[in-house]
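Build out the structure end to end from the sequences listed, making use of the hints.
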Amino acid sequence: MEDKLRDLIIAQLKIEPGQYSDELGAGDLPEWDSLAHMNLIMAVEREFKITFDVADAVDLETVGDFQDALRRYQAS
Amino acid sequence: MQQLADILAQGQSQWPNKVAVADASRSLTYGELALGAQCIAGWLIAQGVAPGDRVAIRLPNSVRFVETFFGVQWAGAVTTPLDPAMPEAQFRAIVKRAEPKVVLDAQSPWEDIFSAAPLGEAVNRAPDDLASLMFTTGTTGQPKGVMLTQANVLTALQNITEFVGYTPADREVITLPLSHNFGLGHMLCNLLCGGAVYLEPGMSRVGRVLKAIESFGATGFPTTPLGVSLLLDRYREVFVERAQGLRFMVVNSAPLPPERAAELQAALPDLNVLVYYGLTEASRSTYISLTEAGPDRYGSVGQPMNAVDLKIADTGEVLIGGPTVTPGYWCDDELTQATLPNGVLHTGDLGHLDGDGYLYITGRADDIINLGGYKINPLQVERVLEQFTGVAEAAVVGKGEVCAYYVATEELDADVLTKHCRTQLQVYETPQRYIRIDALPRTDSGKLKRQELRQAGD
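Protein chains in written order, with numbering that gives the first Met the number 0: chain A, 0 to 75; chain B, 0 to 457.
Note that these hints are calculated values from the structure, not bench results. Built from N, CA and C at the ideal position, the CB exists for glycine as well. Mixed in with the good hints there might be a few duds.
Dumping the calculated SDA-like pairs for lysine to any residue here, alpha-carbon to alpha-carbon at most 25 Å [said to hold, decoys possible]:
{"#": "1", "chain 1": "A", "residue 1": "Lys-13", "chain 2": "B", "residue 2": "Gly-371"}
{"#": "2", "chain 1": "A", "residue 1": "Lys-13", "chain 2": "B", "residue 2": "Tyr-427"}
{"#": "3", "chain 1": "B", "residue 1": "Lys-418", "chain 2": "A", "residue 2": "Pro-16"}
{"#": "4", "chain 1": "A", "residue 1": "Lys-13", "chain 2": "B", "residue 2": "Gln-431"}
{"#": "5", "chain 1": "B", "residue 1": "Lys-398", "chain 2": "A", "residue 2": "Met-41"}
{"#": "6", "chain 1": "A", "residue 1": "Lys-48", "chain 2": "B", "residue 2": "Lys-448"}
{"#": "7", "chain 1": "B", "residue 1": "Lys-210", "chain 2": "A", "residue 2": "Val-53"}
{"#": "8", "chain 1": "A", "residue 1": "Lys-13", "chain 2": "B", "residue 2": "Lys-448"}
{"#": "9", "chain 1": "B", "residue 1": "Lys-418", "chain 2": "A", "residue 2": "Asp-6"}
{"#": "10", "chain 1": "B", "residue 1": "Lys-210", "chain 2": "A", "residue 2": "Ile-9"}
{"#": "11", "chain 1": "B", "residue 1": "Lys-418", "chain 2": "B", "residue 2": "Gln-89"}
{"#": "12", "chain 1": "B", "residue 1": "Lys-374", "chain 2": "B", "residue 2": "Gln-425"}
{"#": "13", "chain 1": "B", "residue 1": "Lys-418", "chain 2": "A", "residue 2": "Phe-51"}
{"#": "14", "chain 1": "A", "residue 1": "Lys-13", "chain 2": "B", "residue 2": "Arg-233"}
{"#": "15", "chain 1": "B", "residue 1": "Lys-374", "chain 2": "A", "residue 2": "Glu-44"}
{"#": "16", "chain 1": "B", "residue 1": "Lys-446", "chain 2": "B", "residue 2": "Leu-378"}
{"#": "17", "chain 1": "B", "residue 1": "Lys-210", "chain 2": "A", "residue 2": "Leu-39"}
{"#": "18", "chain 1": "A", "residue 1": "Lys-48", "chain 2": "B", "residue 2": "Glu-236"}
{"#": "19", "chain 1": "B", "residue 1": "Lys-210", "chain 2": "A", "residue 2": "Phe-51"}
{"#": "20", "chain 1": "B", "residue 1": "Lys-210", "chain 2": "A", "residue 2": "Ile-14"}
{"#": "21", "chain 1": "B", "residue 1": "Lys-374", "chain 2": "B", "residue 2": "Thr-422"}
{"#": "22", "chain 1": "A", "residue 1": "Lys-13", "chain 2": "B", "residue 2": "Tyr-373"}
{"#": "23", "chain 1": "B", "residue 1": "Lys-210", "chain 2": "A", "residue 2": "Ile-40"}
{"#": "24", "chain 1": "A", "residue 1": "Lys-13", "chain 2": "A", "residue 2": "Ile-49"}
{"#": "25", "chain 1": "B", "residue 1": "Lys-418", "chain 2": "A", "residue 2": "Gln-18"}
{"#": "26", "chain 1": "B", "residue 1": "Lys-210", "chain 2": "A", "residue 2": "Ala-54"}
{"#": "27", "chain 1": "A", "residue 1": "Lys-13", "chain 2": "B", "residue 2": "Arg-435"}
{"#": "28", "chain 1": "B", "residue 1": "Lys-374", "chain 2": "A", "residue 2": "Ile-14"}
{"#": "29", "chain 1": "A", "residue 1": "Lys-13", "chain 2": "B", "residue 2": "Pro-86"}
{"#": "30", "chain 1": "B", "residue 1": "Lys-95", "chain 2": "B", "residue 2": "Leu-378"}
{"#": "31", "chain 1": "A", "residue 1": "Lys-3", "chain 2": "B", "residue 2": "Arg-233"}
{"#": "32", "chain 1": "B", "residue 1": "Lys-448", "chain 2": "B", "residue 2": "Gly-397"}
{"#": "33", "chain 1": "B", "residue 1": "Lys-95", "chain 2": "B", "residue 2": "Lys-448"}
{"#": "34", "chain 1": "B", "residue 1": "Lys-210", "chain 2": "A", "residue 2": "Lys-13"}
Stretch-level coverage of chain A by chain B, calculated; a stretch enters the list once three of its residues show a Cβ under 8 Å from a Cβ in chain B [to be verified]:
{"#": "35", "stretch": "15 to 27"}
{"#": "36", "stretch": "31 to 43"}
{"#": "37", "stretch": "53 to 61"}
Some chain B residues near chain A, calculated using beta-carbon distances under 8 Å [stated by the list, open to error]:
{"#": "38", "residue": "Pro-200"}
{"#": "39", "residue": "Ser-203"}
{"#": "40", "residue": "Arg-204"}
Here it is, written out as structure tokens:
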């Protein structure tokens with residue numbers, strides 16, 4: 000899951016692999032602005048065939064948050 | 000109130016122990032804010048900054064930005080706020096043009112700066128002296144520096160304050176960039192009235208923004224139509240739950256579609272939905288409370304503010320005169336004369352007034368693309384694209400996104416084009432779509448038929 004998410008985020012934000020880390024979050028790079036963030040959430044939902052609850056989506060800020068949320072959603 | 004530095008002096012004397020400004024990591028009272036700004040002013044003067052010198056501020060929305068802004072004003076210098084996300088090439092072009100004496104950014108020696116002896120009294124500036132130099136999207140592809148005097152800014156602040164009805168109880172969450180007039184104006188108005196502001200660099204960390212609206216006890220939230228769409232489309236339940244304390248929202252930078260206004264009002268029936276119209280060159284010029292005016296006027300941007308002289312030219316262009324209008328563009332007499340003949344601003348916006356004097360904006364006389372408040376000059380994007388080897392020529396139009404048409408002998412990789420653009424353009428200026436075509440549509444005289452591309456199917 001982590002590799003798939005990594006590839007998706009790099010492709011979606013059009014960033015270099017070296018810019019990626021678990022701590023990277025919305026607003027840290029000009030490429031990850033509010034619109035890109037919304038598009039990223041939708042892309043993750045499509046790719047992993049899940050739908051985040053609004054209350055969860057609102058707390059997705061960093062790569063680590065996406066990883067944690069995906070683990071929860073895939074386990075349930 | 001004679002100059003912007005007086006806002007700080009007033010806060011220091013009237014509300015020294017009241018919180019003035021906060022961000023995710025700290026907050027300052029008016030007294031603490033004043034002391035920080037006075038240290039910055041003392042340090043700037045020790046660096047040789049003289050009244051009228053430009054000082055660039057390249058910081059994100061933060062407590063530090065506000066301290067720095069007032070520090071520069073206190074020193075009698077001209078604030079030149081710049082978006083920290085601006086690519087280096089754009090930054091260098093602006094620095095070359097504005098020639099700031101000092102650039103204050105995250106790497107500045109802040110420990111030394113705050114160790115400087117505070118400057119007790121603000122340097123006196125006259126109403127016609129420059130207060131701010133604001134860089135905006137130019138029509139020629141060059142950044143243009145809008146000069147705003149102390150009187151320009153203070154008159155605009157007074158108008159906005161009256162319109163919004165600010166009180167010392169108001170607390171605002173500001174995500175709009177302080178490097179632009181809209182966000183900056185709200186910060187200044189709020190502090191002018193003894194309120195408090197919480198600053199967040201944009202809406203990307205929307206969870207933090209929504210938490211702040213609730214925990215900071217926000218009564219006001221200025222945003223763009225894009226911000227309204229984001230909140231209603233993606234985060235509606237949480238937004239509505241946390242925005243119950245909001246007294247007003249102000250929407251500016253681009254027209255708020257009437258259906259969005261209706262949706263926002265239905266989601267938060269007690270909210271006062273306010274809309275401004277204005278350009279950096281004249282601050283806010285018209286205003287309307289959509290809540291008070293009702294659905295019949297959801298498509299209007301309102302009536303002229305106090306002392307604003309608004310007319311519609313025979314061509315349909317909106318013309319603005321009065322005390323909020325800039326004296327001109329920095330080091331650009333040609334552009335000043337073309338855009339501000341006789342001191343009247345030719346906005347480039349097309350519009351009409353109804354029988355009651357309400358303004359309706361119908362489009363642009365030039366080609367600037369406005370995407371939910373982000374202004375993009377297609378010429379600038381085209382120039383960057385045409386520097387890419389293989390692109391013979393390019394044309395850029397807005398079609399709900401930035402769409403680039405290019406002429407080339409073979410299809411070019413969109414990701415590679417994106418990376419090329421991002422070296423010189425802001426992310427929002429970078430095209431989202433690239434379409435190769437055989438030739439750009441042109442008139443017999445060779446003028447690009449941009450409208451044809453706007454209407455072209457995919």
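Hints and how they fare:
For the hint pairing Lys-13(A) with Gly-371(B), the CA-to-CA distance comes to about 22 Å; that is within 25 Å, so the pair holds. In summary, the hint linking Lys-13(A) to Tyr-427(B) is supported, as the alpha carbons are separated by about 13 Å, within the 25 Å threshold. Restraint check: the Cα-Cα separation between Lys-418(B) and Pro-16(A) comes to about 14 Å, which is no more than 25 Å; the hinted pair holds. A threshold of 25 Å between alpha carbons decides the hint, and for Lys-13(A) with Gln-431(B) the separation of about 11 Å falls inside it, so the pair holds.
Our distance criterion of 25 Å between C-alpha atoms is met by Lys-398(B) and Met-41(A), whose separation comes to about 21 Å. Distance restraint check for Lys-48(A) and Lys-448(B): the Cα-Cα separation of roughly 43 Å exceeds the 25 Å cut-off, and the hinted pair is therefore not satisfied. Restraint check: the Cα-Cα separation between Lys-210(B) and Val-53(A) comes to about 14 Å, which is no more than 25 Å; the hinted pair holds. Restraint check for Lys-13(A) and Lys-448(B): the C-alpha separation of about 31 Å exceeds 25 Å, so the hint is violated.
With a C-alpha separation of about 17 Å, the suggested pair Lys-418(B) and Asp-6(A) falls inside the 25 Å cut-off, and the hint holds. For the suggested pair Lys-210(B) and Ile-9(A), the alpha carbons sit about 28 Å apart, so the restraint of at most 25 Å is broken. With a CA separation close to 16 Å, the supplied pair Lys-418(B) and Gln-89(B) stays within the 25 Å bound. Of the supplied pair hints, the one linking Lys-374(B) and Gln-425(B) holds, its CA atoms being roughly 11 Å apart against a limit of 25 Å.
The hinted pair formed by Lys-418(B) and Phe-51(A) fails the criterion: a straight-line CA distance of about 30 Å is larger than 25 Å. Only pairs whose Cα atoms come within 25 Å are accepted, and Lys-13(A) paired with Arg-233(B) is accepted, the gap being roughly 23 Å. Of the supplied pair hints, the one linking Lys-374(B) and Glu-44(A) is violated, its CA atoms being roughly 30 Å apart against a limit of 25 Å. Distance check on the hinted pair: Lys-446(B) and Leu-378(B) sit about 13 Å apart at the alpha-carbon level, within 25 Å; holds.
The straight-line distance between the Cα atoms of Lys-210(B) and Leu-39(A) is roughly 21 Å, inside the 25 Å bound, and the hint therefore holds. Simply put, Lys-48(A) and Glu-236(B) have alpha-carbon atoms about 22 Å apart, close enough for the 25 Å limit, and the pair holds. Annotation: proposed proximity of Lys-210(B) to Phe-51(A) holds, straight-line Cα distance about 18 Å (limit 25 Å). Of the supplied pair hints, the one linking Lys-210(B) and Ile-14(A) is violated, its CA atoms being roughly 29 Å apart against a limit of 25 Å.
A C-alpha spacing of about 19 Å is found between Lys-374(B) and Thr-422(B), which places the hinted pair at or below 25 Å, so the restraint holds. Annotation: proposed proximity of Lys-13(A) to Tyr-373(B) holds, straight-line Cα distance about 20 Å (limit 25 Å). Restraint check for Lys-210(B) and Ile-40(A): satisfied, since their Cα atoms lie roughly 19 Å apart, inside the 25 Å limit. For the hint pairing Lys-13(A) with Ile-49(A), the CA-to-CA distance comes to about 23 Å; that is within 25 Å, so the pair holds.
For the hint pairing Lys-418(B) with Gln-18(A), the CA-to-CA distance comes to about 14 Å; that is within 25 Å, so the pair holds. Taken as a hint, the Lys-210(B) and Ala-54(A) pair is honoured in the structure, with Cα atoms around 11 Å apart against an allowance of 25 Å. This hinted pair checks out: Lys-13(A) and Arg-435(B) have alpha carbons roughly 21 Å apart, not beyond 25 Å. A hinted pair counts as satisfied when its Cα atoms are at most 25 Å apart, and Lys-374(B) with Ile-14(A) qualifies at roughly 24 Å.
In summary, the hint linking Lys-13(A) to Pro-86(B) is supported, as the alpha carbons are separated by about 16 Å, within the 25 Å threshold. Straight-line distance between C-alpha atoms of Lys-95(B) and Leu-378(B) comes to about 21 Å, which keeps the hinted pair within the 25 Å bound. Straight-line distance between C-alpha atoms of Lys-3(A) and Arg-233(B) comes to about 24 Å, which keeps the hinted pair within the 25 Å bound. About 14 Å separates the Cα atoms of Lys-448(B) and Gly-397(B), which keeps this hinted pair within 25 Å; it holds.
This hinted pair does not check out: Lys-95(B) and Lys-448(B) have alpha carbons roughly 34 Å apart, beyond 25 Å. Between Lys-210(B) and Lys-13(A) the alpha-carbon distance is near 29 Å, which puts this suggested pair outside the 25 Å criterion. Figure legend: the stretch 15 to 27 of chain A, annotated as covered by chain B; annotation consistent (3 residues with Cβ-Cβ distances under 8 Å, at least 3 required). Coverage of a stretch by a chain is defined here by at least three residues with a beta carbon nearer than 8 Å to that chain's beta carbons; for the stretch 31 to 43 of chain A and chain B the count is 8, and the condition holds.
Taking a C-beta to C-beta cut-off of 8 Å, the stretch 53 to 61 of chain A contributes 7 residues in contact with chain B, enough for the three needed, and the coverage statement holds. The interface hint given for Pro-200(B) holds, since its Cβ lies 6 Å from the closest Cβ of chain A, which is under the 8 Å cut-off. Taking 8 Å as the C-beta contact cut-off toward chain A, the hint placing Ser-203(B) at the interface holds, the least distance being around 4 Å. Annotation: Arg-204(B) was flagged as interfacial toward chain A, and the flag holds, the nearest CB pair being 5 Å apart, inside 8 Å.
Consistency with the previously given hints fails for numbers 6, 8, 10, 13, 15, 20, 33 and 34, ordered from lowest to highest.
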